[in-house]
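Visitor: Chain by chain, the residues:
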Amino acid sequence: MNRATDIATVPAPLSDVLATSVVAAATWRELARRKRLLSLGFLLLLPVLMLLAVRIWYPEGAPPGVLLSLLARYAYIPFLLPITAMAVGAPAISEPIAEGTLVYFWTRPLRRHALYLGRVSAAAIVSCVLVLLSQTALFMVVILGWSEAVTLELVRLHVEMTVVTLFGTVAYTALFGAFGAGLKKPMIAAILVAFGWERAVVDIPQRIQEWTLQFHLQNLVHWPESGVEGVRGFIEDLLSKALQREPVPTWQSILVLLAITLVATAVGVLLLRRQQLDRQG
Amino acid sequence: MIGTAPVRLEAREVGKWFGEVVAVGSCTIEVGSGVVGLLGQNGAGKTTLFKLLAGLITPSRGEVRLDGQLLRDHVGLFRRVGFCPESDAMPGWLTGREFLNMLVRLAGVDRARVKPRVDELLERFELTDAANRRLGGYSKGMRQKLKLAQALAHDPDILFMDEPLNGMDPVSRHQAIGAIRQLGEEGRTVLVSSHILPEVEEMTRRIILIHRGKVLAEGDVTEIRDLIPEYPTVVALRCPGPRELASFLVRQEHVMGVECEGDDRVIVRTEHALAFYRALPRWLLDSGQAVEELHTLDDNLESVFAYLTGD
Numbered sequence: 001m002n003r004a005t006d007i008a009t010v011p012a013p014l015s016d017v018l019a020t021s022v023v024a025a026a027t028w029r030e031l032a033r034r035k036r037l038l039s040l041g042f043l044l045l046l047p048v049l050m051l052l053a054v055r056i057w058y059p060e061g062a063p064p065g066v067l068l069s070l071l072a073r074y075a076y077i078p079f080l081l082p083i084t085a086m087a088v089g090a091p092a093i094s095e096p097i098a099e100g101t102l103v104y105f106w107t108r109p110l111r112r113h114a115l116y117l118g119r120v121s122a123a124a125i126v127s128c129v130l131v132l133l134s135q136t137a138l139f140m141v142v143i144l145g146w147s148e149a150v151t152l153e154l155v156r157l158h159v160e161m162t163v164v165t166l167f168g169t170v171a172y173t174a175l176f177g178a179f180g181a182g183l184k185k186p187m188i189a190a191i192l193v194a195f196g197w198e199r200a201v202v203d204i205p206q207r208i209q210e211w212t213l214q215f216h217l218q219n220l221v222h223w224p225e226s227g228v229e230g231v232r233g234f235i236e237d238l239l240s241k242a243l244q245r246e247p248v249p250t251w252q253s254i255l256v257l258l259a260i261t262l263v264a265t266a267v268g269v270l271l272l273r274r275q276q277l278d279r280q281g
Numbered sequence: 001m002i003g004t005a006p007v008r009l010e011a012r013e014v015g016k017w018f019g020e021v022v023a024v025g026s027c028t029i030e031v032g033s034g035v036v037g038l039l040g041q042n043g044a045g046k047t048t049l050f051k052l053l054a055g056l057i058t059p060s061r062g063e064v065r066l067d068g069q070l071l072r073d074h075v076g077l078f079r080r081v082g083f084c085p086e087s088d089a090m091p092g093w094l095t096g097r098e099f100l101n102m103l104v105r106l107a108g109v110d111r112a113r114v115k116p117r118v119d120e121l122l123e124r125f126e127l128t129d130a131a132n133r134r135l136g137g138y139s140k141g142m143r144q145k146l147k148l149a150q151a152l153a154h155d156p157d158i159l160f161m162d163e164p165l166n167g168m169d170p171v172s173r174h175q176a177i178g179a180i181r182q183l184g185e186e187g188r189t190v191l192v193s194s195h196i197l198p199e200v201e202e203m204t205r206r207i208i209l210i211h212r213g214k215v216l217a218e219g220d221v222t223e224i225r226d227l228i229p230e231y232p233t234v235v236a237l238r239c240p241g242p243r244e245l246a247s248f249l250v251r252q253e254h255v256m257g258v259e260c261e262g263d264d265r266v267i268v269r270t271e272h273a274l275a276f277y278r279a280l281p282r283w284l285l286d287s288g289q290a291v292e293e294l295h296t297l298d299d300n301l302e303s304v305f306a307y308l309t310g311d
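Chains as they are written, first to last, in our numbering: chain L, 1 to 281; chain U, 1 to 311.
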């Protein structure tokens, strides 16, 4: 059988859309079966449990809108979103490199940016699903047996908070995905950024605090129009600290977050392109 | 060129170094159709050269072309390429079927043909029963079969196989060797990298031998053997009249030395094995002796390798 081919014709690579979607579908399956998602799920239940505790033992503590906003600003944004992105986003890119399974993709007719986008988008989707489930559970706890609290304002606040936390999840996933593409130990770098740099800098006034994802995400979380006054105890302390922060226009924070997401994704693509299989044996 | 025309794979003065370590010096190779063995000891640069030829790493110098095109510049060429890696690593959380589905689809096979193709591959490699088990639970032999399956999934013209028989049981090994030979006979270009010489000998007589980052020899094993004058080829002939045959052969051209061994063997040393084999039938007729068996005692990869590398 003559298998001579037309050597002048170079076959086209797979379309980016097809390659990205196939990679994303397989990555989604892979990530969704990981045992670490169970641990993450429990972690994301913590704010739900905290809210349940407040409702049971401190029912007069704060109005539900204030509680939702506080949990978004002080539980989700500084801790739960980065942890989720760290656990899902960085390994989605770094593990195929470290394990040596990248070779199967490198020897397929797909562009490397399609591979990266497929994996990071699947990681972002998995992370967002987990955060969304947590947010939904939180809202259920707020409205359960507290029907008088369900106002249009509360629903708007919840939707806003959900959108902001999902946006933050995507931004952190993009950032840590880039770490996964370029660093041998991306988790260390992610921890240093999320719990070193961001925690240290986010409360430094003037422009410095704007060099963090946390600041811009917290800036997008609004307070309910009613119910902020007359709140007691530690919640009052937290509120006063939050309200003292210098305001930055919402559009600016949205732009910064978008820019970080896009730049991190672009950098991740470039880093993955430069990867070779030298250290994979 | 090694293999039959046309040239499918060429490397021109290809080299690779990592810092100050030269893994591969300047290599120029042309490979056509058929099975070709890339041989070398561990640390010889075989794996690095293999990856260079497969477009998996960038050369520090020189270039590699597949069908005349630079492989690293045209990822579309991988539609024609199948690669079976040495490493066992696989995404443990996917099942065998999911893994193959993904790779078959990423090889450019039409969506409608993916399922029948995957079913066919699973059956061919006797993995149907394990298809819905996660890869983390696969044995080494099963992973090896799956690696071969994904390399052949899209019916490629050019195959790179890095230690393809690793971890296989004897029956599977035998089947795989037959399959690889068959692929070569179909006109595909199959480059097999291995450090296990007897295995490669069963697949092909055409080799590229690499040692300390340099190509020491390429071509047919016998032709290469013939070019090593320091080590004459040793041929054993079994016949009923060894003394008569020995006294005849010792006077012939290309025969360096003859000795009788036992009652029925003549051991001949020759500098030019090919010329010796061509002349032998006429000599046997002239001598009136019948030869029942003929063995070349060191016309094998192991001997060739040892002679060329001095190891």
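Some hints here could point you the wrong way.
[Claimed, not checked] DEER-style ranges, computed between Cβ atoms:
id	chain 1	residue 1	chain 2	residue 2	range
1	L	E99	U	P281	56 to 66 Å
2	L	L38	U	G68	31 to 41 Å
3	U	E123	L	L192	49 to 59 Å
4	L	I143	U	E126	31 to 41 Å
5	U	E126	L	L38	49 to 59 Å
6	U	G141	L	L192	40 to 50 Å
[To be verified] Which stretches of chain L does chain U cover? Using the computed rule of at least three CB atoms under 8 Å from a CB of chain U, they are:
id	region
7	9-15
8	96-103
Keep in mind the hints are simulated off the structure, nothing from the lab.
We put the beta carbon where it would ideally sit given N, CA and C, even for glycine.
Visitor: Now tell me if each hint is right for this structure.
Guide: Against the structure, the hints:
| no. | hint | in the structure |
| --- | --- | --- |
| 1 | L/E99 with U/P281: 56 to 66 Å | holds, 57 Å |
| 2 | L/L38 with U/G68: 31 to 41 Å | violated, 53 Å |
| 3 | U/E123 with L/L192: 49 to 59 Å | holds, 51 Å |
| 4 | L/I143 with U/E126: 31 to 41 Å | violated, 57 Å |
| 5 | U/E126 with L/L38: 49 to 59 Å | violated, 35 Å |
| 6 | U/G141 with L/L192: 40 to 50 Å | holds, 43 Å |
| 7 | 9-15 | holds (count 5) |
| 8 | 96-103 | holds (count 5) |
Of the numbered hints stated above, those contradicted by the structure are hints 2, 4, 5, listed in ascending order.
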